[in-house]
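Listed here are the chains, written in short residue letters.
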Amino acid sequence: MQTILIVVAAVLGSIVLGLLFSWVDRLVTARIQWRKGPPVYQPLADIVKLLGKETVVSESASLWPFLLAPVLGFAGVCAAAAILWAVAINPDASFVGDLIVVIYFLTFPSLVLILGASASGNPYGAVGAGREMKLVIGYELPFVLAMVPAIVAAGRALSRPGFELAGSFKLSAILQAQQNGAVAGSLAGFLALLCAMAVMQAKLGVVPFDQPEAETELTGGVILEYSGPALAMIKLMRAMLLFVLPLFIITVFWGGVSLRGWGLLATPLKVVVLLVVVVLMRNTNPRLRIEQAMKFFWFIVTPVAVIASVLSAYA
Amino acid sequence: MSVLDKVKLWGLKKSPWVYHVNTGACNNCDIEVLELLTPRFDVERLGVLLACSPRHADALLVTGICTRQARPRLQEIYRQTAKPCLVVCLGACACTAGIFHDAWHFAGPVDEVIREVDPDAKIIYIPGCPPKPEAMIAGIAKALQDL
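Chains as they are written, first to last, in my numbering: chain Y, -4 to 310; chain H, 4 to 150.
Hint data in this document are derived by calculation from the structure and do not stem from the laboratory.
All clues stand as given, with none of them false.
Cβ-Cβ distance ranges computed for the label pairs, FRET-style:
no., chain 1, residue 1, chain 2, residue 2, range
1, Y, Pro281, H, Ile34, 21 to 27 Å
2, Y, Pro60, H, His108, 40 to 46 Å
3, H, Lys135, Y, Thr102, 45 to 51 Å
A quick note: this is a predicted structure, and the numbers were derived from the prediction, not measured.
Even glycine gets a Cβ: it sits at the ideal position worked out from N, Cα and C.
Sequences and hints are given; from them, build the entire structure.
Pasting the structure below:
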């Protein structure tokens, strides 16, 4: 019963906060361009409108993968949100390897967009799917490597004399390790946090890593063929990611979520800092070409993540 | 009208995404459309966004007379658009063909071309050569009120 309650709270909470965050994103973007920006209910109105519209499926699309893809992606983000919320509310809910499970669920949106775009039967969708695939190949390795400092710190926290642990994949152990200072407090952890933030930008699919969508060249790319409720699912998935990814990064690198005492002030501040970085990066950068993005992840972010994971052994 | 319909209508009124179709305009109306997105007019505060594809659109913004080449394409774009959608005839050419009325390449007024595909299409007219951005905002606002 408690599990069901936590899942419902996690999904609803992530939807509400995600929609709010995507409004903040649009508002800050508008203000940077000296515009007034949309009202606070705008993302909700977009979703409601899309839910009321017709879903068009082209003749060349293969129906089931095309329509199933947004649902799967939405479900994946919901599952990641549920695990993160459950650990934030009650660390005992953590299970062995839940860090790995969350990483897997967080790749769902990209994989599902590749699936949906390939099934859409649209040449722009195919190009977008190819780009999304290249991006995933680019950023997944540094993302996993960036987790190493947190994993090692968690192992150290669980180790006792006579019971040495090299690392732990439990989120609760990572949280426990950060009670006397965040993982990002050490040099290794800080470098890893920077890598994870670069990857977050790509996972959200915003400028400078929006090549799969690229509305000026691919006119929407991976989401081009979607309409009505299916598009609403994708928009909702993106909006939830805008909250779930910062939540994940805070849990792993930045001391986790706490709503007691100073945490009531500090937790929203951490989320806002991550969100502001995403929005500012998005508004001050041009879109990279796809090979530039891959070079960035392979030759800059990956070496930094490797250095961070090596350094974490000497903390 | 049921509650569900009211909610749907609210969404449609608050978030009209626009797809821009040029069926043979001189580019004057198109430049005026771009002004809508600038800080001076900023239609995003009314929820209006330029959509990248007719699949995402709630309104087709048609500029220019419908030429022979554009006619089948305009009908195809209307078929591809997710319904319900509006068609906005923007400028004198799209409304009446204007000074090109007797030209050889003119293939029928935009509203008739659209009605061939869908007799019940909701079509609104914003005249002017080109219409001022204020006139476009007023026209779309009036159309949304009447939905």
